[in-house]
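If you're matching them up, the sequences are chains A and B in order.
With our numbering applied, the first sequence corresponds to residues 1 to 258, in that order.
With our numbering applied, the second sequence corresponds to residues 1 to 258, in that order.
None of these hints come from the bench; they were simulated from the model.
Hints may be right or wrong, so weigh each one.
[As the list claims (entries may be wrong)] Here are the computed distance ranges between Cβ atoms for each label pair: (1) B/Phe204 / A/Ala192: 33 to 43 Å; (2) A/Asp61 / B/Pro36: 16 to 26 Å; (3) A/Gly89 / B/Glu66: 28 to 38 Å; (4) B/Glu253 / A/Arg153: 20 to 30 Å; (5) B/Ala90 / A/Gly63: 23 to 33 Å; (6) B/Pro36 / A/Val147: 21 to 31 Å; (7) B/Ser169 / A/Ile131: 29 to 39 Å; (8) A/Ile131 / B/Gln173: 25 to 35 Å; (9) B/Arg153 / A/Pro242: 28 to 38 Å; (10) A/Asp61 / B/Phe204: 24 to 34 Å.
[To be verified] List of simulated lysine-lysine pairs, DSS-like, C-alpha gap at most 30 Å: (11) A/Lys82 / A/Lys52; (12) A/Lys52 / A/Lys68; (13) A/Lys68 / A/Lys15; (14) B/Lys68 / A/Lys52; (15) A/Lys68 / A/Lys201; (16) B/Lys233 / A/Lys68; (17) B/Lys68 / B/Lys233; (18) A/Lys233 / B/Lys68; (19) B/Lys68 / B/Lys15.
None of the values given here were measured: they were computed from a predicted structure.
By construction, the Cβ of each residue, glycine as well, lies at the ideal position given by its N, Cα and C atoms.
Number of protein chains: 2
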Amino acid sequence: MDDPREVRQQIREGKWRRPTAGLAPGFVQTNLAILPRDLAFDFLLFAQRNPKPCPVIEVTDVGSPEPKLSAPGADLRTDVPKYCIYRNGALEGEVTDLRSVWRDDLVSFLLGCSFTFESALLQAGVPVRHIEENRNVPMFISNIQCVPAGMFRGPLVVTMRPIPARLVSRAVQITGRYPGVHGSPVHVGDPAIIGIRDLAKPDFGDPVTIRPGEVPVFWACGVTPQAVAMQAKPPLMLTHAPGYMFITDLRNEELAAS
Amino acid sequence: MDDPREVRQQIREGKWRRPTAGLAPGFVQTNLAILPRDLAFDFLLFAQRNPKPCPVIEVTDVGSPEPKLSAPGADLRTDVPKYCIYRNGALEGEVTDLRSVWRDDLVSFLLGCSFTFESALLQAGVPVRHIEENRNVPMFISNIQCVPAGMFRGPLVVTMRPIPARLVSRAVQITGRYPGVHGSPVHVGDPAIIGIRDLAKPDFGDPVTIRPGEVPVFWACGVTPQAVAMQAKPPLMLTHAPGYMFITDLRNEELAAS
Chain A
1 MDDPREVRQQ
11 IREGKWRRPT
21 AGLAPGFVQT
31 NLAILPRDLA
41 FDFLLFAQRN
51 PKPCPVIEVT
61 DVGSPEPKLS
71 APGADLRTDV
81 PKYCIYRNGA
91 LEGEVTDLRS
101 VWRDDLVSFL
111 LGCSFTFESA
121 LLQAGVPVRH
131 IEENRNVPMF
141 ISNIQCVPAG
151 MFRGPLVVTM
161 RPIPARLVSR
171 AVQITGRYPG
181 VHGSPVHVGD
191 PAIIGIRDLA
201 KPDFGDPVTI
211 RPGEVPVFWA
221 CGVTPQAVAM
231 QAKPPLMLTH
241 APGYMFITDL
251 RNEELAAS
Chain B
1 MDDPREVRQQ
11 IREGKWRRPT
21 AGLAPGFVQT
31 NLAILPRDLA
41 FDFLLFAQRN
51 PKPCPVIEVT
61 DVGSPEPKLS
71 APGADLRTDV
81 PKYCIYRNGA
91 LEGEVTDLRS
101 VWRDDLVSFL
111 LGCSFTFESA
121 LLQAGVPVRH
131 IEENRNVPMF
141 ISNIQCVPAG
151 MFRGPLVVTM
161 RPIPARLVSR
171 AVQITGRYPG
181 VHGSPVHVGD
191 PAIIGIRDLA
201 KPDFGDPVTI
211 RPGEVPVFWA
221 CGVTPQAVAM
231 QAKPPLMLTH
241 APGYMFITDL
251 RNEELAAS
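Take these sequences, add in the hints, and give me the full structure.
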């Protein structure tokens with residue numbers, strides 16, 4: 001399962017129903033958010049104003065389920081193993097196929113996820129604790145407010161990775177090379193300054209071990225746009241299910257700043 | 001005239017009617033394009049798909065003439081010395097005030113201009129020929145097609161600056177730090193490869209001297225989105241007049257990649 005086209009074919013045929021971590025190594029996996037066109041301008045504007053939590057990989061043409069730029073030939077209605085359907089901000093159900101709920105006015109947003117920059121950190125010898133400990137990354141609702149756009153507003157959700165002090169600078173530079181997947185950290189050090197009381201009690205995900213001499217480093221998190229969109233209670237919103245990402249044909253290195 | 005707020009006030013009161021180059025040194029000047037809301041999504045999408053020619057500094061809220069993020073308190077209807085009004089793709093006239101044509105459905109786009117990165121090049125000792133020769137930068141319509149979005153499509157317009165061979169790498173790195181103002185070059189070397197026949201005959205602007213040992217280096221140009229928008233013949237489009245830019249409160253360094 002090294003080729004993204006092959007993986008998507010397997011998913012489309014119902015032969016792969018599990019999370020996508022580790023599939024098609026080296027290729028960019030994305031978050032998926034689908035909204036009606038009349039909300040799409042404000043959502044795109046929200047992403048433009050908040051590029052760190054909302055790094056846009058691609059926005060499809062209105063009504064088209066094909067991400068022509070990042071995965072030509074793919075179908076966003078069938079090529080993700082599990083989807084969530086939200087109506088008025090409430091989860092209506094989880095499905096494996098969106099064809100029955102698809103409409104001609106839907107716009108799909110592919111947003112960068114942290115798999116890409118974590119792979120770059122690991123290759124540069126920067127440890128990623130939650131991967132070492134086989135847990136979900138710890139996520140916290142910070143007191144940093146996103147710049148609002150239309151009906152979309154809310155706090156920035158951040159991920160935390162403990163980094164050995166001597167590697168903090170390297171971690172900043174490596175992730176800074178990838179603005180398309182959250183980029184450089186939004187905060188380094190004292191969590192209290194951004195409204196986080198207890199690193200042992202994340203709002204989402206799992207706590208991880210912080211060793212002596214390590215600094216907590218915080219990156220903008222892709223949960224932010226989903227949380228913000230849900231809070232706005234749009235009549236219809238379709239997303240990937242957490243961990244069940246869309247796999248593009250883009251290589252991680254293609255997201256490096258140019 | 002060092003403070004951008006003061007400069008805008010002078011412009012608003014009709015006391016400054018000339019081009020803005022050299023005003024409020026160190027502060028970001030931008031291109032301005034104003035479109036009705038029903039075209040704004042496609043135009044923002046075009047910018048998202050073509051970030052090098054269309055670096056978005058800010059998009060205002062629908063109907064609001066105030067760029068709250070980059071120049072709070074400013075009024076985009078009065079704070080530019082000269083505007084163009086286009087209807088159905090044709091120039092209707094030039095005015096110094098947009099208040100009489102303003103509508104509640106208008107969305108303003110502030111797009112990065114090359115003043116910022118040229119200042120960075122000069123500070124790093126990279127010569128900028130058209131400034132030395134006191135000419136307009138030479139611009140060429142390339143054979144590179146922008147990624148279309150909705151009604152917006154067209155070729156990439158590029159600027160050319162001749163760079164001494166030993167400084168090309170430095171020029172790439174310095175401008176690459178500023179993705180908000182066109183970023184790194186789109187092409188280095190042979191102009192024929194991108195469809196340019198004669199460097200002495202630019203499509204817009206003036207030719208400049210290319211000395212022995214210099215390499216022609218091409219950057220995406222902010223004329224692109226304006227040309228593309230005009231070609232789509234929108235019912236109404238308002239822009240700054242060439243050279244009469246909007247001056248923000250952002251410092252050039254704030255546009256550096258983070």
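Status of each hint after checking the structure:
no.: 1; hint: B/Phe204 / A/Ala192: 33 to 43 Å; verdict: violated (54 Å)
no.: 2; hint: A/Asp61 / B/Pro36: 16 to 26 Å; verdict: holds (20 Å)
no.: 3; hint: A/Gly89 / B/Glu66: 28 to 38 Å; verdict: holds (30 Å)
no.: 4; hint: B/Glu253 / A/Arg153: 20 to 30 Å; verdict: holds (28 Å)
no.: 5; hint: B/Ala90 / A/Gly63: 23 to 33 Å; verdict: holds (31 Å)
no.: 6; hint: B/Pro36 / A/Val147: 21 to 31 Å; verdict: holds (23 Å)
no.: 7; hint: B/Ser169 / A/Ile131: 29 to 39 Å; verdict: holds (35 Å)
no.: 8; hint: A/Ile131 / B/Gln173: 25 to 35 Å; verdict: holds (32 Å)
no.: 9; hint: B/Arg153 / A/Pro242: 28 to 38 Å; verdict: holds (37 Å)
no.: 10; hint: A/Asp61 / B/Phe204: 24 to 34 Å; verdict: holds (30 Å)
no.: 11; hint: A/Lys82 / A/Lys52; verdict: holds (26 Å)
no.: 12; hint: A/Lys52 / A/Lys68; verdict: holds (24 Å)
no.: 13; hint: A/Lys68 / A/Lys15; verdict: holds (24 Å)
no.: 14; hint: B/Lys68 / A/Lys52; verdict: holds (19 Å)
no.: 15; hint: A/Lys68 / A/Lys201; verdict: violated (41 Å)
no.: 16; hint: B/Lys233 / A/Lys68; verdict: holds (26 Å)
no.: 17; hint: B/Lys68 / B/Lys233; verdict: holds (29 Å)
no.: 18; hint: A/Lys233 / B/Lys68; verdict: holds (26 Å)
no.: 19; hint: B/Lys68 / B/Lys15; verdict: holds (24 Å)
Hints 1, 15 from the list above are not met by this structure, while the remaining hints are.
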